[in-house]
Each structure stands twice: as structure tokens, then as C-alpha cells.
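Q: Listed here are the chains, written in short residue letters.
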Amino acid sequence: MKKLLSLFYTLVLLAGLSTVAKAADPIRIPVLNWSSQIVMANVMAQAFEELGYEAELVPAESATRYEAVRVGELHVAHETWESTMALPFYAAMDKGGLIDAGSHDLITFEEMGVPNWVIEEGLCPGLPSWEALKSPECAANFATPDSEGKGRWLEGPYEWHTEVMPNRLKGLGIDDLWMVKFAGTADALWAELEAAKKEGRGTIIFNWSPNFTDAAGFTFIDFPPYFEGCRLENGGTLETTGCGSPKGWLKKAAHIKFPITHTSAYKFYTKMEFTAPNIGEMANYVDNEGMTHAEAATAYIANNRDQIDLFMK
Amino acid sequence: MSPTISCSSVYKIFGNNAQTLLSESGGNVDAKKFQEAGCIVGVNNASFDVNQGEMLVVMGLSGSGKSTLLRCISRLTDATSGKILIDGEDICLMNSKQLIELRREKMGMVFQNFALLPHKTVLENIAFPLQVKGVTTENSIHKALEMVELVGLKGRENYFPRELSGGQQQRVGIARSLAVEPDIWFLDEPFSALDPLIRKEMQDEFLRLQSVLNKTIMFVTHDFDEALRLADRIAIMKDGIIEQLDKPDNIVLNPATDYVRKFTEDVPREKVLKIESIMDASDPNASGEIAVKKDDIIETVAEKILNSKDTIKVVDEKNSVVGSINPSKVIKVLFGE
Amino acid sequence: MNKNYLDIIRSSKPAQFGILLIIFLFLYHFIPQNEGNYFWRLPSLLAFIPIKLNEIIYAALYEWFPLKVYDPIFEMYEEKAAFREFTKSISKGLLFLITFVRELLLGGDKIIDIFVSDAWLKENDWMSWPALPWTAATVGAFLLGYQLGGFRLALLGGIGSLYVSIFGNWVPSIQTLSFVLITTPICFVLGLSFGIWGYLDKKVETALQPVLNVMQTMPQFAYLVPIIALFGLGDHAGSIATIVIATPPMIRNTILGLKRISPEVVEAGLMSGCTKRQLLFKVLIPTARRDILNGVNTVIMQCLAMVVIASFVGAKGLGLNLKVALNSLKIGKAAEAGFCIVLIAVILDRFTKAWANKQVDYFENLTFFERYKLLIIFGTSILIFSVVAFIANGYFDKINYLYVIPIEKGLTFAHYIDAAVDWVWDTFFYSLNSFNKFLLTQVLGPMKKAYLGMPVAATLTLTMGIAYIIGGIRTCLLVGGMMLFIAMSKYWDRALITMYMATFAVIMASLNGIIVGSIFAQTQRGSKFILSVCDFFETFPSFVYLIPVIFLFNITDTSVLIAAIVYATVPATRYTVWGLNSVPTSLHEAGTMSGVSRMQRWTNIEIPLAFPTIMLGVNQTVVFTLQMVILGALIGTEDLGQLIFGALSRAQDGPGVAITLGLFVSLMAISVDVIVRKWAEERKKALGLD
Ligand SMILES: Nc1ncnc2c1ncn2[C@@H]1O[C@H](COP(=O)(O)OP(=O)(O)O)[C@@H](O)[C@H]1O
Ligand SMILES: [Mg+2]
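Chains as they are written, first to last, in this note's numbering: chain A, 1 to 313; chain B, 1001 to 1337; chain C, 2001 to 2690.
Everything labelled a hint here was simulated from the structure, so no lab data went into it.
Some clues are possibly wrong.
[Unchecked claim] Here are the simulated lysine-lysine pairs, DSS-like style, with alpha carbons at most 30 angstroms apart: (1) Lys95(A) x Lys2068(C); (2) Lys1143(B) x Lys2282(C); (3) Lys150(A) x Lys2437(C); (4) Lys170(A) x Lys2448(C); (5) Lys170(A) x Lys2437(C); (6) Lys1143(B) x Lys2448(C); (7) Lys134(A) x Lys170(A); (8) Lys170(A) x Lys2449(C); (9) Lys197(A) x Lys2448(C); (10) Lys257(A) x Lys2092(C); (11) Lys1106(B) x Lys2080(C); (12) Lys2448(C) x Lys2490(C); (13) Lys198(A) x Lys2448(C); (14) Lys2092(C) x Lys1097(B); (15) Lys95(A) x Lys2080(C).
One chain only, chain A, in its complex shape:
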């Protein structure tokens, strides 16, 4: 026993001192908690391995990963949604260490909206135009016990857009009819969708597309169009802050040394631009066909060999 232990200690020590030359560290890719992101991480990992690198999937949190990329704990953050992640993304960039490695080939849309059945049941006649929200009868259909008789807007976590939604309600002059509730996580949003449906209660939540909820039918509300600087916190006024959300990008972030330490991987990464259908396909393998994330990635690459080859060139 003692001998075994001391052998073990020696090994640990050697590992600590080991200076064996390494071509490059494994590329560390964050794994979050939704299917498309995980499959994309696996696609990247397999592609990087094809390029001769080692890749490692690291469980992470959507919000904390930018700091991790910044300090080099992670090499990439490959799904960065404008509306929900722009703040930490740019905060990390400001502090130095994180670079923008381009966008995917799609326009994201992130906005308040309702599941289709809410419209079908006529819970708020006039939707998807935001004007419909002015009706007190409509608002009443969206009330919950803790909303003090007002209709409830279920926004994502506060950190996503901070004061944007409360300001928007004020800007639109409907804050006497509606109140903002912040959900804690995306999981909570999806749970609310299910719960509201069961209850037949109207629900209006923050959501985005492409997303798995597209399948069940989800309609975004048409707000006054967004323009640069319309929001209060970007210098807008109370009149203009009722504007909707911008069409957004889906960016890729990388650690500042990544282009040098893993050059051809970085090249692949910048060229890698997935489209909405691509992302849908990735999620579909897992959500509907019951594959593991790794299998889904293999299947995706097999099915889209040309695209991947193009990225690799």
C-alpha cells in the first residue's frame, strides 16, 4: 500500500514538473445547456481534431464564459446572441483578451412574443401588433396572482437587458396595464410556456429564433421599429424607447492568442458560418432523433461534408 502510494506521489510530482514539448494545448470549447450549442461544440471539436488538434469540451455557463475566454481558460465562445450576451461579450472585450471572430450566417430575432395558441384563442385580439396590448381586457388575460391585476410580461433574467423592458412599457405608455417579471433562467421561460398552456392563461414571454419553440409555433410582437439610439440607455427619449428589438447577430468570440496558438483552427473558426437551418438540423438530431450530442455532430458533418470542407479550406 505504502509503495503504491509513493509511486503515485512520484507520478503526480512528475506530472507537475513535466515539460514535455506540446505542439499545442487542447482547444477548450464551452458546452452550455441547450442542444444546438452542444452539438455545434461537438462539430467544432471533431473538425479541430481532423485538423490535427486536440479538443476538449468544457461545461460552462453562458454568462461566465466570456470572462473565461478573456483570461484564456476557454479558447472560443461560438454562440453569442446579441440581445442576451452582448453586454458581457463587450465587457470582456473592453478589458482585453477577447476578440470578435465574426458572425454566423443568420439573423437572430429576440423579442417578446406569444405562443400561437394565444392568438388562436383570441386572448388578445389584434396581436401581433403591439397596439393590441393597450386594451385592458387583453392585459387582464395575462394577469397572474402576483401581478397586481396587471398583465405580466415575462422577461428573461435581469442581466440580459436590464431596464430595457420596463422602459419600453413606459415608452409605450402601457405600464399601467402591464408589469415586467424577470424569469431566473431560460429553463424557467420554457416551463412557463408549458404551464400557461395547461392553464389556458395568456402568456407573453421573451424568446428568440431560431429556437426549439419555433416548432410549436411562436409569434413575436411587432413593436415600433428599432433604430440606433432609440433606447433610453443609448440616449433615446421616453417617446422613442418603446422601440422593439434589433435584428441581431450571432457572433463567435475567441481568446486573443487563439489565432497564433492554433492558426488553422482559428481560420476554420472564422470561416465557420452556420445558417439557421444548419442550427435547426443540429438541434433536431438530438431533440427529435434521440442521438447523443457527439453522434449528432458526426451525423451533421457527414450530411454537410461540403460545407465543413469549405470552412476548412
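For chain A, the structure is supplied; the task is to place chains B and C with the ligands on it using the hints.
A: Chains B and C with the ligands alone, transformed into the frame defined by chain A:
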């Protein structure tokens, strides 16, 4: 031959500034005054010797400082001042290495609440002092088995302490303290936690062991009967002071202080006194068929004496007649004047 | 006359509480609610704390003691802070250990990779440690169980491993297991060392207490960001986060156990001639074993309870799977992962206990074969199963079921759980919905308003008054200081919301626990049963029911509170059972003889006697509740938890804010703890217990 244990002016005072208070008092310690100063007097100016093969019983009420005295001598606690010699060596001056050596080779101790290691079996508990010393597992277990047999626990080697009765646990405690074959044996109220019947049995067992082993013993008890039964000499303590240290019969016959007298008042004389103390030494040529020894305790031979009608001769160890005894004398001792 | 009243007040605690209440209500009603009024809200004089804290953290991370490190990529020297380099090397070591255990079981070449060059490894691609087939591992678990504790443990180990394997959770389970197998011994060694140090040195113990209090009560989310900053992402970071929470109970138990050793045993050790070292390792620690083992048990429980949170900072395994499953509302799948976590906890707990209690047989005289029988069987089974699996490679296409059964191919009962959730939902939805409405509008809403409408002067008077009546001036100042610290930040309103939720949940959980505990404690079997249920809920990840409660109660405070109550009922129940079980049977009998009914016996004998213990349970309930209320941020709350959780994404000032707010939560828990502990002690003294 020098005494095995020799204490001179040993003080033990608990408290923060015990040392300074003691040197200020110049050895004249008043427990009350010290208490006001926040100190508790454990042992107050103890001086005595214990000889090779002798059993000194330390007797006193609870809180009188018996355990503290014992712990000073085994240096489980450091005496505040004084000199304690074990086989001529001052243990107060020993460093921890010497001390460990001393304990491993020369000392054994038995505790009131047995103090067995709960996670070890009987055998492992007994072998423990040996293993600590570095004896191989095989040898120590072998020796422990011998000890198990000595204290009559054969068949229970693999029991855990919690599976044994109090008496059995103390047997383990005794076996453990004897495993290293110490010269000096400390016993701190070893039988106090036991039921009276078991206690008697254990005392007998103890006497049997001592007759075989012949160790130098310091035995602490608060039970005067026990002290009388076992002791070569008794030290009676009160508030840290040794009030009297003498042979049992002397203590009963000539109590040195009122305190000791109060103790001895209720003690049945016949249980303490030896024939020697009541025999008629002026009659060395007494005849008669029956003889008693001069060292016999009166109680043990009373029946024999009372059953005979004549005077009875008293003999010494060499069976030569040293005096005679009249039954009437015995009656007097037994039933008073 | 006057003096008489004073005397009554002085001697009667109820009277004192009455007066306190009157003062409180008076202040509540007459202090005007306007921002300028310092009796209403204190100025945020301490607003600088999170900012300063943040600066310090960043300075430690990036500025203090800069080391010049050569960067071969940019071919220049970079300045790196020594502290972070130090923490990084810890990370490296930890990661190595975890990977080592992991690869030992799952196979791979990462460990080998550390010692050889890439090129060599590529050329020699046979150079990879083979995975242990799950079949062999099951045999191994069975044999290990047998060796440690006979047939029962063998069955536990074997069936546990079999279950995990054929339900497709083998890989994540081993990932989690390797994480726990490294973290637990670290907590054990750290806890034991600090415990011993605290035992030997009173000063150290005194200094340790507040630190341990904070570590144990700080919400885990509060220190996740700093941990990422210091240690990065990965299993090692999860391990560190776990160590923070799991070590304190180990330290506490060690100190407690060592202190409980009778001085005679120490003396017996000394008289046996022990050196200091021998005394420590052969006498003290083994004698304090019961408490130390309790500590180990807690450590194991905590490690597994932390598995999900650890996945937030990069730990792989069951926790991550659970989190991913939950995101797409696959409750059944998440629960399955949860069961595996509990199973691992139970197996580890039983195995360690059996190991620690194992006896040596000195009389056995075994041949080589007999001695190593089990090892030989294990070795043979590895060989056989590997060969079989290898041969079967040709038979299976793609997946070799004899090595690993992947998760989507394993058996599953997830759909049953989903069906059960659906059933509960369908059956109870409407009644629960109206209950929820009632609760929110009639109870929680008004309660929240009442808390928020409390002038700070009134709050402080009330808390300090209670502390004074129960614990005297020292306790009063201590509690006052802690509350003041929170009140002078700008987060007081949020703290009030946290307090309102915690109060409600603590009351409900304590009531639940006391009632449930009392019912089950009536029989020995019942006690045993309910205690194992408690074990289950303590390790079963609360995340699993955190999301489904939304189905029933919507994104409201009710959901958060229900989750908190479920979780916090555990300690209240546990301590109630302990308390009641420790009531001497002679008292039961005395009660029965004097003809009291069962109910009377419960209210007049059992509960009062068990009261001090139950209060300690309530203490734990407070801690558990606060943890869950903060975790409620995942559902959606407006209290401190929301900000703590939000701080995760705020790289700028996140760590400072998170730690400060986490500290606030700690201080709340500690305030209650201080008061309750005093109270329990007093009751204990009054009852002549202990
Ligand atoms: N460690 C200690 N600190 C302070 N006082 C002590 C300590 N140990 C013993 N005492 C005190 O010393 C006195 C003698 O105690 P002790 O020797 O244990 O008595 P005994 O063994 O005769 O019952 C008692 O008054 C006791 O309270
Ligand atoms: Mg004593």
C-alpha cells in the same frame, strides 16, 4: 537501597500565576488564599518515599488531590515545584524522549474509567503499549495473549470494549498496564466504577496478581476499607495535603490529626489490627495446641480464637512463639469495652 | 409598586418580548416612510464595499507580486500575478488527480499524454489506457463490497453498479465518481488537519469559527465567479467550490470528536509511551472516530449535493447531464441522473463506514491464494470480460455494449417519471392553482409588503431586542452589527425580500419537520425509515424539482418557497427524530404510568425535552432555506439571489457584488444561528441535559 519513588516538597497548583504565587508564599500554601487568587491547590507539599515492592495506597475524599499526586509522579502533569525521583532520577528534568522511554519501560497505569481505546479489540488494546514501543505485531499479539490469560479473559480476545462488562473492561485495563512488564504500577481508583460484589472479586484478583508480580505500587482509592485491605502503607490526603502516612494499623490506632481520626472512628478494629497489637508478649512460653501468626488480621482468626477455651500462642514467621493471646482480648476488640 | 413591575419584567421573558413587540409596532407605525429619513432607511455608507472588494480581487488576480513569465508565442515577457500562478498550479494538480482516477476506469490517453510528446503519442496510437468494461467493474464493486462488509454491501455495490451501467449512466457516473473520489479525501485531510489544529490551539479554534460559519452559509453562487477567475473552468474548479462548502463540517466534527475524548484516554495513551505523533494518530483520531466518520459522511453528502452546481464551473458528469436535461424540461431524465447521484452517495457512505470499521484477524493463517482471493477473482474477471468485449467488437456494429452502454441506449424509466409529473400536474393543477392564488394574494403578498414597509429602525430594534432578551448584551451587539452592515448597503430592500421568503419557508419547513419527525419517531423502524428519506432528499439534487414546481405554481414566489420548504424540511425532520429518540425511555414510561395520553406525552414530555435539539435543527433549516431561496433566482426572484446569480455574467464588478451579497446572506444565517444556539443552550441547562 534507594526508594523506587521519592517525592520531596511536591506542589501542584492549578492556575495562571501559580508559579509566582507559590514562590511568594515560600512553600507555605494556604488553599483558601490561593483560591481567592484564582488558583486551585491540587497537591500541597507532599514528601514521601515508596520502596521497591511496596504498595502505597493513597486515600482521601474526592477532590483531595490523589489523582493529581499520581499524575505528578507519572508526569502526566508537571508539578509546580518539588522533586520527584524515580529510581533516583528526577523525572521533572527529563525531556519528552526520556519520559517516553521511562513510560515504555517502567510504568504502567490503570484508570478509574478504564480508558480503553474503543476502536480496538481486547487483544489490540493490550498489545497497544507494545506496538507503540515498536514490538512487531506478531510478538505483541503473542504477549497480549499471555496477559489475557493472566487476567482471566481467555475467549474474549476479539471483543470490543463496549461488549464487555465493567469488571471485564478493567481487567483489560490491568492487562494493558502490565503488558510492558513495568516496575512501577499506578492505579487510580481502579475499582471505584464497579459494583461492590465485583469490586471485592477484583480486589482478590489484584492481591493474587500482586503476590505473583510483586511490583512497586501506588494505588489510589477513596474507599478506606479497600485501602485497609490492600495497603502496606496508607497516605491520607485532604485538600492536597498528606495528613498522615503510615501502616494501616498505626493509622487506626494513632491517628495523627482530627481529620484522620474521624476517618478511622468507624473502622472496625478487627479488620485492621493484627494479632501482634493485642497479644501478650510477656508470655513467650505460652503453651496450647492452637497457634496464630502475629501478622494475622484479627478478624480473620477471630473465630478460631474464640472457639478455643485456652489461651492461644502467637508465633512469628519462623514459627517461634512470641507471645500469647486471650480470647477475652479479642472479644473486647470485637464488641468494644 | 413601581419596583415590583420592574422585577416582573426583569424576570419574565414573555413580558420582555411583549414590551419589545409594542415598541416595534410603535416604531413601525410612526416612522414616516420617506427617503431622507434615516429611521426609515439608512444611507448606503457601505456602498463602496463591493467595489473595493472587486478591486482587491482583481489586484490579487492580475497585479500583486508580478512575475515575469516568458510567452513563447508572442515571444515576449508577460507580467503575471504570483497568486494566480499559484492557484493555477493547484488547478493543474487537482485536474491531474481527477483525470487520473477517471482514466483508470474509463480509459484514455490524457495521463499518458502528460509524460510523452504529442508526436510520439500519435505514432504509437496503441498507447492508451484501456477502458474497464462495465461488466468487470460491476464484479469489482461486488467484490469490494464483499471484502468490506460482507454479502449485503456486496449486493449494494454490485446492484448499484449494474443499475448505473444498464441504465446508460456509466460514463457520467464515473466522471462524477472520480470527481468525488478526489474531492472527498481532500476535504477529509483538510478538515482533519484544521480540526486537529483547532483542537490543539484554542486561539485557532476561535479564529476558525466565524470563517467556517461564513463558508457554510455563503450561497455557492456567490463564489463561483471568483473561483472561475482563480482556478478557471473544469472539474478542478468544481472541486474547489465543493471543498469550500464541504470542509467546514469536517473541521467541526473533528474538533467536536477530539474534545469529547475523555482525558483518561489521552493519559492512557501517554502512559503507554506514545510519542506525540502516535498519540494523535493511534489514540486521538481513532477514538474520535465516530464524530470524524460523521464528518466524512457529511463530506460525501455535500460533495454529491454540489455535483450540479459544480457543473456550472465546468465539472463533467451527472450534474452536467442533469442540467442539460432540465433545460429542455426532460424532468424524467434529470431525475434519473439524480437517482444515480443518490446511489453513489449511499454506496460511498456505506463503503467508507465499513472500511473504517473493518477488523483485523490476527489468527488467520492464509495461503497466498486465500489472502488475495478477491483480487485474483477481480483480475481474472477483468481479463475475461475484456477479452469477451474485445471479441464482441466484431459482433456489434458501432456500439460495443459490453464496454459501455451509452445513455440513449440504456434502459430508462424517465417516461414513467414524466408520466407521474404529468399526472400530478393534471390531477392537482386546478386546486393547486387556486391555492396558489390564495397564498399569493392573501399571505405572501401582504407579508412581503409588511416586510418592505418596515422602517430600518424598527427592524434593528426588533432583532437586537430579541438578541438581547435571549442572549444578553454581547449577542445583541453582535447581531446588531451584522444587521447594520447589511442595512448600510444599498441592498437593504432586497435583503428584506430574502428575509420575508426565508421567514415563511423556515416556519413552514420547521412545522413540517417537527410534525413528520414526531410521527415517525414513535417507532424505531419509523425513525430509521424517515432518516434515510432525509438522506435521500439531502443528496438528491434540488434542481430536479426546482423547475417542475414552475408547472404547478408558475414563476412566482410560491414556487421558490415550495422548493425551499421541501429542501429545508430535511434538517428539521432529522433533528426532531434525533431529539425525540434521545428522550430517555424511563421518561416515556414515567409518563405512561402517570396516565398521560399519547398526545399529552408528546406535548408535555417529548417535545420540551427534545426542544434544544429541535432548535438546532431549526438552525440548519435556516441555512438550508437561505440556500434554496437564493437558488430560487433560477426560477425568478427579486431578492439578493437575483443579483448574486446575475453577477455571474458581470465580469466588471461581478465577483465583488456576488461575494458581498453572499456575505449578507451568511450574516443573516449567522444572526439567527447565534440567537437560536444561545436559546437552545439555555433550555438545555434549564432541563439539566448535557
Ligand atoms: N486540570 C485541572 N485544572 C484545575 N483544577 C484541577 C485540575 N485537575 C484537578 N483540579 C482540582 O484539583 C483538586 C484535586 O483534584 P483530583 O486530584 O482530581 O482529586 P481526587 O483524584 O482526589 O478526586 C480538585 O479540587 C480539582 O478540582
Ligand atoms: Mg481522582
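Q: Going through the earlier hints one by one, which of them does the structure break, listed in rising order?
A: Per hint list: 6, 11 and 14 violated.
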